[in-house]
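Q: Going line by line, the protein sequences match chains R and B. Mind the numbering: the first sequence is residues 1 to 258 in our numbering, read in order. Mind the numbering: the second sequence is residues 1 to 95 in our numbering, read in order.
Don't read these hints as lab results, they were simulated from the structure. Take the hints with a grain of salt, since some may be wrong.
Unchecked claim - Calculated pairs, BS3-like style, for lysine-lysine (alpha carbon to alpha carbon, straight line, at most 27 Å):
(1) K39(B) / K50(B)
(2) K19(B) / K50(B)
(3) K173(R) / K13(B)
(4) K73(R) / K60(R)
(5) K19(B) / K245(R)
(6) K70(B) / K173(R)
(7) K173(R) / K126(R)
(8) K19(B) / K75(B)
(9) K173(R) / K50(B)
(10) K50(B) / K13(B)
(11) K245(R) / K168(R)
(12) K39(B) / K168(R)
(13) K131(R) / K50(B)
(14) K31(B) / K75(B)
(15) K70(B) / K245(R)
(16) K75(B) / K13(B)
(17) K75(B) / K60(R)
(18) K19(B) / K126(R)
(19) K56(B) / K126(R)
(20) K168(R) / K75(B)
(21) K13(B) / K39(B)
(22) K70(B) / K56(B)
(23) K19(B) / K173(R)
(24) K31(B) / K13(B)
(25) K173(R) / K31(B)
(26) K173(R) / K56(B)
(27) K168(R) / K31(B)
(28) K19(B) / K56(B)
(29) K75(B) / K56(B)
(30) K75(B) / K126(R)
(31) K131(R) / K75(B)
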Amino acid sequence: MLLPLLLRPSLCGSRASVLLPGCVRTLPGGAAARTLHCQTEDFLRRRLPARLVAQSRGRKWRSQQDEWRTRNKTVLTYIAAAGVGMIGLSYAAVPLYQLYCQASGLGGTAVAGHDTDQVATMTPVKERVIKVTFNADTHASMQWNFRPQQTEIFVVPGETALAFYRAKNPTDKPIIGISTYNVVPFDAGQYFNKIQCFCFEEQRLNPHEEVDMPVFFYIDPEFDEDPRMARVETITLSYTFFEAKEGQKLPLPGYSYN
Amino acid sequence: MSTAMNFGSKSFKPRAPDKGSFPLDHFGECKAFKDTFMKCLRDNHFDNSKCRLQSKDYLECRMDHQLMAKEPLEKLGFRDLMDPPPSQADKDSKP
Numbered sequence: 001m002l003l004p005l006l007l008r009p010s011l012c013g014s015r016a017s018v019l020l021p022g023c024v025r026t027l028p029g030g031a032a033a034r035t036l037h038c039q040t041e042d043f044l045r046r047r048l049p050a051r052l053v054a055q056s057r058g059r060k061w062r063s064q065q066d067e068w069r070t071r072n073k074t075v076l077t078y079i080a081a082a083g084v085g086m087i088g089l090s091y092a093a094v095p096l097y098q099l100y101c102q103a104s105g106l107g108g109t110a111v112a113g114h115d116t117d118q119v120a121t122m123t124p125v126k127e128r129v130i131k132v133t134f135n136a137d138t139h140a141s142m143q144w145n146f147r148p149q150q151t152e153i154f155v156v157p158g159e160t161a162l163a164f165y166r167a168k169n170p171t172d173k174p175i176i177g178i179s180t181y182n183v184v185p186f187d188a189g190q191y192f193n194k195i196q197c198f199c200f201e202e203q204r205l206n207p208h209e210e211v212d213m214p215v216f217f218y219i220d221p222e223f224d225e226d227p228r229m230a231r232v233e234t235i236t237l238s239y240t241f242f243e244a245k246e247g248q249k250l251p252l253p254g255y256s257y258n
Numbered sequence: 001m002s003t004a005m006n007f008g009s010k011s012f013k014p015r016a017p018d019k020g021s022f023p024l025d026h027f028g029e030c031k032a033f034k035d036t037f038m039k040c041l042r043d044n045h046f047d048n049s050k051c052r053l054q055s056k057d058y059l060e061c062r063m064d065h066q067l068m069a070k071e072p073l074e075k076l077g078f079r080d081l082m083d084p085p086p087s088q089a090d091k092d093s094k095p
């Protein structure tokens with residue numbers, strides 16, 4: 001019993017490895033436990049040296065390492081290129097998306113090629129009757145009475161139409177109003193062209209004054225040819241008036257102020 | 001229709017009117033023409049095609065009273081309502 005005990009420690013001791021102190025240091029407890037521990041350590045240790053020896057032997061190993069290194073480098077280069085490509089794509093996406101939106105008319109963006117000469121040359125599409133309803137709103141603090149003079153009007157694309165709103169200033173002091181408009185459905189808004197109206201500029205009403213405000217508009221004849229507009233029969237034009245502070249100007253879309 | 005595709009911030013982008021803004025008719029100089037036009041609309045069930053003559057008259061009144069920039073009527077889409085110089089009979093014809 002004591003013999004194996006004597007032998008084990010010596011074997012453990014012959015290798016000056018990190019495992020040795022662990023081996024010797026293990027519990028002073030049962031001798032059987034210690035020998036088992038040493039045995040497993042030794043077993044593992046015996047494995048290790050064989051591999052180390054083979055590793056250090058070699059051109060084969062080194063060339064494999066080099067191969068791995070070049071392969072890693074290529075992969076890293078590809079990944080870096082893909083990353084840079086993604087960043088570049090995200091920058092390029094902005095003008096590309098704008099082009100796409102203009103071409104397809106998505107999101108109500110103005111269709112390119114809309115000019116005033118079209119009004120003179122367009123022909124009405126008599127078969128397609130559209131109902132245009134009118135809505136008038138004021139901001140909560142705006143004291144004008146603002147309402148449309150007709151609830152609806154039936155127009156055809158390609159024909160100019162006139163509509164009226166009425167605004168009254170019931171207060172005792174002049175109020176300056178400025179308005180903006182909205183067209184629903186949004187997609188039809190790109191075909192709704194206003195030749196002249198009363199929006200985006202300050203309109204001043206004296207105390208107890210009432211005026212008629214006309215809107216002169218037409219619906220683009222291409223409306224009839226757009227498949228997305230095939231089911232649209234009602235367009236709603238909605239104006240909202242806000243009170244303008246002195247000298248304030250709403251930025252006019254598409255115009256540049258000087 | 002417009003709710004089918006939701007690209008997040010789909011919204012309406014207002015566009016400026018082609019010829020700008022109408023000056024306000026503070027003195028009601030063209031009110032008579034406007035009343036004629038509204039009456040025509042009410043009589044014709046709000047059909048714009050039937051009241052184009054009255055709308056042309058209203059715009060001409062505005063132009064006469066400096067309430068609108070003078071434009072040839074063709075540019076305002078009234079090509080069909082203009083009287084050709086030789087014959088007056090075509091004035092009321094509409095396509």
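Q: When the structure is checked against the list of hints, which entries are broken? Sort them ascending.
A: Hint check: 3, 6, 7, 9, 10, 15, 17, 20, 21, 23, 24, 26 fail, others pass.
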